[in-house]
Amino acid sequence: MIVDLLDQTRLPLQDCDVCILGAGPAGITLALTLARLRPDWQIVLAEGGGESLPTPDENDSYRPAGDDPGVYPVGATRLRFLGGTSNHWGGWSRPMDPDIFEPRDWLGNGGWPIAHAELARHYDHAATWCEIGSNDYDADTHLEPWRDALLDVSGSSLLCHKLFRFSPPTRFGVRYRPDLQDASNVQCWLNATAVGLGMRGDRIHEAELANRTGLRARLKARHFVVAMGGIENARFLLAAAAGGAPSDSGLASPALGRYFADHLGFAPALVLLPARLEYGRRSHESGPVMPILSLKPEAQRELELGNFAITPVAHADDQLIPHRYGRNEALGLRGDDCWWYRMQVVLEPQPDPDSRISLSGERDALGVPRLRIDWHMLDSDRERGDRLLQALASEWGSRRTGRVRLMPPELAFERSPTFVAHHMGATRMGADAEGSVVNGDCRVHGIENLHVAGSSVFPSYGFSNPTLTIVALALRLGEQLSGRSGTGTA
Amino acid sequence: MERREFITGSLGGLSLIALATTLPGCRSGPAAPVVEPVQGLLDSQALAVIQQLRGTTPVALAWKARHGGGESPDREELERRLLAMLETDEPVHASAPHFSERLAAAVSRDFEAGRLCEIEGWLLSETECLAATLRLVLYGETEPAGATDWRQGELAEVVDWGPRETTRGVGVNVQPDGHSGLWFKIDHAPSWLKIEIDGVVAPTVISEAVVTSGLYGELRDRILDAPGEYPIALVDPMQRIRQPIGHFVVKAPPPYLVLEDGSTSVFCAVEAWGPDVTFAGRPSNPQREGHEGLWIRTACAPDQVQVLYDGDALVTTNDRGNGLITALLPPSHFAVAREARLQLHDMETGEVLDVGVLVVKD
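Chains as they are written, first to last, in full-length UniProt numbering: chain A, 1 to 490; chain B, 1 to 362.
Extracted from the complex, chain A is given alone in its bound form (with noise of 0.2 angstroms):
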């Protein structure tokens, strides 16, 4: 059942089995799950916005604290409506690979607190909740037809082929809206926004919610969720911290609101390679697909690199190096045609506490704290990106490739990596609360009943789009929290 919140005086339940805060890919995705799985519960999912754009009054309590706009674009990056940020998710869907999991010393990383295994299973069931054709990721396999225009990566090569695909994209609140109206065990809140949490020793026993009308009620639970999205989750709990909390629990952990996080891209260079290459998204039998460059796991480890997703994009003559450069086998070319191409790169960024969110003394209209971010990349990301394009050089002329251009100056903006609106890390994930506010389970150290969904728990961060792990992320946590498995039916 959908319930306008706008339309009543007080909350249509006074208590429920499971709150969920925050109706995007995660909230509906956990609320249906549960629904399914627990017929026997009642869960409410509270949704902050309506069931249509947000108007700026409306996503005004996304707007930073001041006059200043502030390095991150908040507002035009976040979608306060049924569905979230899936409203304008471009699709591009691809699970963490393996080697995110493990600990990363060189880019001061301790890795994942649950294995890549106990996600595979979820990835399964997401890639239907996400209507992508398949959940086959194996590049060697779908890429066979297309080999002769894609680059060797064979041999010693530090590159390897992997592929995205894309899901319609699944627009959340659309497309599962007449499941949450049919649910019986479930109602959907609108302007439903959550501003408070009551807690009692370590437990949280009532929501508070509000909306511009003028209602503001509590919502008692047994369990709760946030699932605001990547950096609501963590302005809620900041907030909610404020109020007091235990001391050794996620809530009062040093790293609740740092190590926020967006993938990097950039595009840093511009490269001679065989003509004839296609890295573009392409029809196949089991969905579209699209290939990309990335860096084997051993030379992430040797050259002490990150994760990337390397793009070569046809690109407009050269003046300095023409194409048919690529025909002197005498300066160790392969003696075809050549091409451009600009070389468009995603680049997985090193956790980084000093990046953070946190809460300012001005208030939004319900109250709340608005948030500061204080958002920037490392030095050693940028070195990374420099190696990386070295690294590229090197491989690409020794093998009898190609040859790298780093972008000119007059195009320096394209080189310096700029923010992609995957939102991260400021609730992230651990063994403790010394170093991280939840839980392998995704549930809040130190507090029994509330959890976190969303990319906010990820600790490290490849360069896969997040959704499709936020949504496996919370078949996961259905299942943990019902005691019961079984979440595959979208």
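Please keep in mind that the hints were generated in silico from the structure rather than gathered at the bench. The reader is advised that the hints may include incorrect statements.
Now the in silico label distances, taken between C-beta atoms and shown as ranges [claimed, not checked]:
id	chain 1	residue 1	chain 2	residue 2	range
1	A	Glu-434	B	Pro-176	52 to 62 angstroms
2	B	Pro-176	A	Arg-301	44 to 54 angstroms
3	B	Arg-168	A	Arg-147	45 to 55 angstroms
4	B	Thr-264	A	Glu-51	50 to 60 angstroms
5	A	Glu-285	B	Gly-171	34 to 44 angstroms
6	B	Val-170	A	Glu-285	42 to 52 angstroms
7	A	Val-313	B	Val-170	33 to 43 angstroms
8	A	Arg-147	B	Pro-176	32 to 42 angstroms
9	A	Ser-134	B	Ala-252	47 to 57 angstroms
10	B	Arg-75	A	His-315	33 to 43 angstroms
11	B	Gly-162	A	Lys-296	12 to 22 angstroms
12	B	Arg-66	A	Arg-387	22 to 32 angstroms
13	B	Glu-87	A	Val-313	34 to 44 angstroms
A virtual CB, placed ideally from N, CA and C, is assigned to each residue, including glycine.
Got chain A sorted already, so can you dock chain B onto it with the hints?
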């Protein structure tokens, strides 16, 4: 990233031996005339390899400029440095193709060792910069022949495309930014495919369903302003292959008549018509059931046109594409000798255009 300094190679006590051989030249292009032996450290076969380098002049010019312009290293110094870069455990040869292979191997070693020569951001090897510069010093800026020729070939199957014609000054499939859009249904269009319109590679967008391109800016103005047939082709700018697929036709606007009040008629001038003479009961252009067939050729006529025969409307067809109007004159209308006025009538506006007088003789 900081720019790297060019690191010069050293001879390191290497003894240089230039061997003349009769082995063929490098495989990277059409054979060049063998350069006559000259005084220097490289023999004629090695020089042929250097001469055949393609597209290296800008690199060489930039390298020379960085290294003192006119005061940059001379030929002998460049040859000396280049040969030093070929150092291996084997004796040094300067002859091709051994020279070509050693040169290529030296370039690979440079990249492995990080001996880079950065030219305007391009990370090149020291050896290739030296070789490029030596080529410039020896042979100037002239490129090997045939380096940039286009050839015709098949790139993809074009199922359909359009729009294919317009009238001068009239945009087709006009898009919000003002360009005239063209679409192409192409099976498995590769991402590097481009649409070429009248010799100009036009912006091309490739999706799974359709390839789109169009007439933009100056190209649009030039083509739409001048009636003619403009070649359309698929091109692969990398391999320089062109696949002609047809022409985009810009027709001259029809010559509408001007009425007495200065307004524009719905008709163009009648260019020809017939028959202008027939015989009572014996049609000149016999049609079914004894009808006389009349035809009128004109560049334009409205959709709702009728042929009038002394004011009687005849069954009329209007083939606008071919500029031909036809009508059937019933036997009763030419059963006896007479002279009858033929006219065209636009049923929508009521405008009438005189065509001529049909003479029916005994």
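Verification of the supplied hints:
1. Checked against the hint of 52 to 62 angstroms, the pair Glu-434 (chain A) and Pro-176 (chain B) passes, with Cβ atoms roughly 56 angstroms apart.
2. One distance hint, 44 to 54 angstroms for the beta-carbon pair Pro-176 (chain B) and Arg-301 (chain A), holds here, with the actual separation near 51 angstroms.
3. At roughly 49 angstroms, the beta-carbon separation of Arg-168 (chain B) and Arg-147 (chain A) lies within the given 45 to 55 angstroms, and the hint holds.
4. About 54 angstroms separates the C-beta atoms of Thr-264 (chain B) and Glu-51 (chain A), a value consistent with the hinted range of 50 to 60 angstroms.
5. The hint said 34 to 44 angstroms for the Cβ distance between Glu-285 (chain A) and Gly-171 (chain B), and at roughly 40 angstroms that hint holds.
6. One distance hint, 42 to 52 angstroms for the beta-carbon pair Val-170 (chain B) and Glu-285 (chain A), holds here, with the actual separation near 44 angstroms.
7. For Val-313 (chain A) paired with Val-170 (chain B), a C-beta distance near 36 angstroms keeps the hint of 33 to 43 angstroms intact.
8. Between Arg-147 (chain A) and Pro-176 (chain B) the beta carbon distance is about 40 angstroms. The supplied range of 32 to 42 angstroms therefore holds.
9. Taking 47 to 57 angstroms as the suggested C-beta distance range, the pair Ser-134 (chain A) and Ala-252 (chain B) conforms, at roughly 56 angstroms.
10. Between Arg-75 (chain B) and His-315 (chain A), the C-beta spacing of about 35 angstroms keeps the proposed range 33 to 43 angstroms intact.
11. Evaluation of the 12 to 22 angstroms hint for Gly-162 (chain B) and Lys-296 (chain A) yields a failure: the beta carbon distance comes to about 47 angstroms.
12. At about 25 angstroms, the beta-carbon gap between Arg-66 (chain B) and Arg-387 (chain A) stays in the expected band of 22 to 32 angstroms.
13. In this structure, Glu-87 (chain B) and Val-313 (chain A) meet the distance hint of 34 to 44 angstroms, their C-beta atoms being roughly 39 angstroms apart.
When the structure is compared with the earlier hints, a violation turns up for hint 11 alone.
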